[in-house]
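Peer 1: As given, the protein sequences belong to chains V and D, one line each in that order. Following this note's numbering, the numbering of the first sequence begins with 74 at its first residue and continues without gaps. Following this note's numbering, the numbering of the second sequence begins with 74 at its first residue and continues without gaps.
Keep in mind that the hints are not guaranteed to be accurate.
Note that the list lumps identical chains together, so a pair holds whenever it fits in one copy or between two copies.
[To be verified] The calculated lysine-lysine pairs, modelled on DSS-like cross-linking and capped at a C-alpha distance of 30 Å, are:
| id | residue 1 | residue 2 |
| --- | --- | --- |
| 1 | 451 | 180 |
| 2 | 159 | 457 |
| 3 | 361 | 184 |
| 4 | 161 | 204 |
| 5 | 385 | 184 |
| 6 | 180 | 191 |
| 7 | 451 | 288 |
| 8 | 385 | 191 |
| 9 | 180 | 161 |
| 10 | 204 | 180 |
| 11 | 288 | 204 |
| 12 | 180 | 160 |
| 13 | 288 | 180 |
| 14 | 288 | 191 |
| 15 | 159 | 451 |
| 16 | 161 | 361 |
| 17 | 184 | 161 |
The hints are simulated quantities; they were obtained by calculation from the structure and are not laboratory data.
2 protein chains.
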Amino acid sequence: MEVYLDYQSSKPVDPRVVEAMVPFFHENFGNPSSLHTEGDAATEALTHSRETIAGLIHADGDEIVFTSGATESNNLAIIGYALRNKKKGDHIIVSEVDHISVHNIAKYLEKNGFTVSKVPVDRYGRIHLQKLADRVTDRTILVSVCYASNEIGTVQPVAEIGAYCRERGIAFHTDAVAAEGLLSLDPAQDGIDLMTLSSNDIYGPKGLGVLFVRKGVRLSPLVIGGGQERGLRSGTENIPAIAGMAKAVEILHEEMTDEVGRFTLFRDRLIEEIPSRIPRCYLNGHTKERLPNNAHFRFDGIEGEALLLRLKAAGISASTGSACTSKTLEPSHTLIATGLLHEEAHGSLELTCGRFTTDTEINYVLDTLPGVVEGLRKLSPLYKE
Amino acid sequence: MEVYLDYQSSKPVDPRVVEAMVPFFHENFGNPSSLHTEGDAATEALTHSRETIAGLIHADGDEIVFTSGATESNNLAIIGYALRNKKKGDHIIVSEVDHISVHNIAKYLEKNGFTVSKVPVDRYGRIHLQKLADRVTDRTILVSVCYASNEIGTVQPVAEIGAYCRERGIAFHTDAVAAEGLLSLDPAQDGIDLMTLSSNDIYGPKGLGVLFVRKGVRLSPLVIGGGQERGLRSGTENIPAIAGMAKAVEILHEEMTDEVGRFTLFRDRLIEEIPSRIPRCYLNGHTKERLPNNAHFRFDGIEGEALLLRLKAAGISASTGSACTSKTLEPSHTLIATGLLHEEAHGSLELTCGRFTTDTEINYVLDTLPGVVEGLRKLSPLYKE
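Just chain V, with the same shape it has in the complex (with noise of 0.2 Å):
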């Protein structure tokens, strides 16, 4: 048997998200900048999409912005704003949880005269927003704190930090591929400023970023060239992989709230049936302010790789944490962030269902994985019962 748990790391393009592409690869491929029947079709279609993905989060077309991937989407609303704003002031706070791809930014504006906090989270992976609230001074221009963990799947008090940002004029952007498609997004409403999605975290075609922009934020452009997408983002605009996306809006509109009670249904039955049926596991992130469709476990006595190479051979397909992160040594900066020692970091176990899981893959992952933790277990010179 074939299982994947792993919808973090990749997710499959929605059959329909294909055949909706499909047309726009060799019959209508045209380029919107060009004065023909055939730019102009790209034009409409460009211009119909965008509408569509807009009305994923609330927005106005005119506030989205294609990008390449939500690693290209972070860059262009962290760098893209601490270049343009520095005026205003030179100190950013990230989150301790969020994706690499922000603490290498971070890195890199640490390098380019900028001064970055992070804030630290609770055993659960949360942000308290008292302790944003110490770090903020008055060079704050801007935070960045993930929607939900792409890796425990703690929900942030993304609404609290929004509006908490918006009565101090700090810019507030938000990662939240994690939570699209799961969870119900108004940045709007939130007071969010910048938020970064991507095409495939909703079953739509990888190399498609979108980056959120309210009006009247301003950014430096990080790729520059033709002017496409108001001139914060050149490059010819890629059709295909748009309308796609636009298609995979359109199907959550339809599906998202039959799919997301089935997600709740498989994660509560991993969360209650997986620690009672193997000792010494325990749940790490949230219990409640969770995505629907993210288990995660430690269990103690247990390498993380060694358990994803047994599952593999059982053909489970899981994760440790992060994709991003997975073939480094490095334990994951979420779980340490939490407070896990390295060893407990190490031993642990992500599991993430979506659209395609069924009810026997979660069953059949309830009946291998205690076998294969206790052979692990029976392996190690460490682990006593």
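Once you've looked at the hints, dock chain D against the given chain V.
Peer 2: What follows is chain D alone, placed relative to chain V:
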């Protein structure tokens, strides 16, 4: 009848390429950074595709950096090289006939402490080495000259420039997208350190570019994050697009010689017959050092946009110049650089053929264009026979 002779602006994706991409959308959709079966399959596809794509330019896989397109590749090459190597010098040379993205990047660098010189071209759009050498100083670190003009199709003396730069320890970047799939490219042989390529320019999907980075050449990354592409370009790899581009390269290996032969016949018919059927029509660009698919004319007493609209009404899609600037009212900077007056530059028409161009299409254009030009001239208060 529908005729598309604007392959320079945008190309359809070859149906065989789409077929090669489809399995990567919803069967092999893993993240190469993941430690499971889907991740392994993605890594394998990535490695294999990278080698295939490198083969197009006789390079090694580890000299290939995937980006989101040609514009980003130009940004990474020029800004990335300049920022990383500014201790060596602060002077950069670009050509008058480079793509607008290169010109706008040059402006950006000028605002950031660099000096930029533009090397002029002759009336055929070609650079003379002496004119380049005249502009080199002991502060010059980088020369960026397009391989061929995407507008008038003039091919530059790239090997000559490469040899000159190599001798002086100056890095040489070339934007080769207009020449890709039409001329044989060999950066190692031609003394090229950095070469921009794009997937769509060889009938691969949009949203994917390549930067060839010769071993030993150091760049600052533009997009920061998880450290993909050896730290030069972060972001989850777009495997379906990369596999698609690899398929596009495989097709070229089989078909490029025949295809270019066909294009050359089409181009030569256009270049011979249009000026013979239409009075006061002149060829723009070089007669010999010219892309095999490019025919570019100017017509006395004709306004290019009006011509495009009439052609559109007759079912013909063409261009007045770079699609990236078609919607502005500026005349083509490339034509101005060849010494044309503004009104002459505005009276131009670019016809570029491609993989799906037929004899029937060429015949239709040859039969239709004279009447369209004549009709417009009759309306013109300026044109006198």
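Peer 1: Tell me the numbers of any earlier hints that the structure contravenes, in ascending order.
Peer 2: The structure conflicts with hints 1, 2, 3, 5, 7, 8, 15, 16, although it agrees with all the remaining ones.
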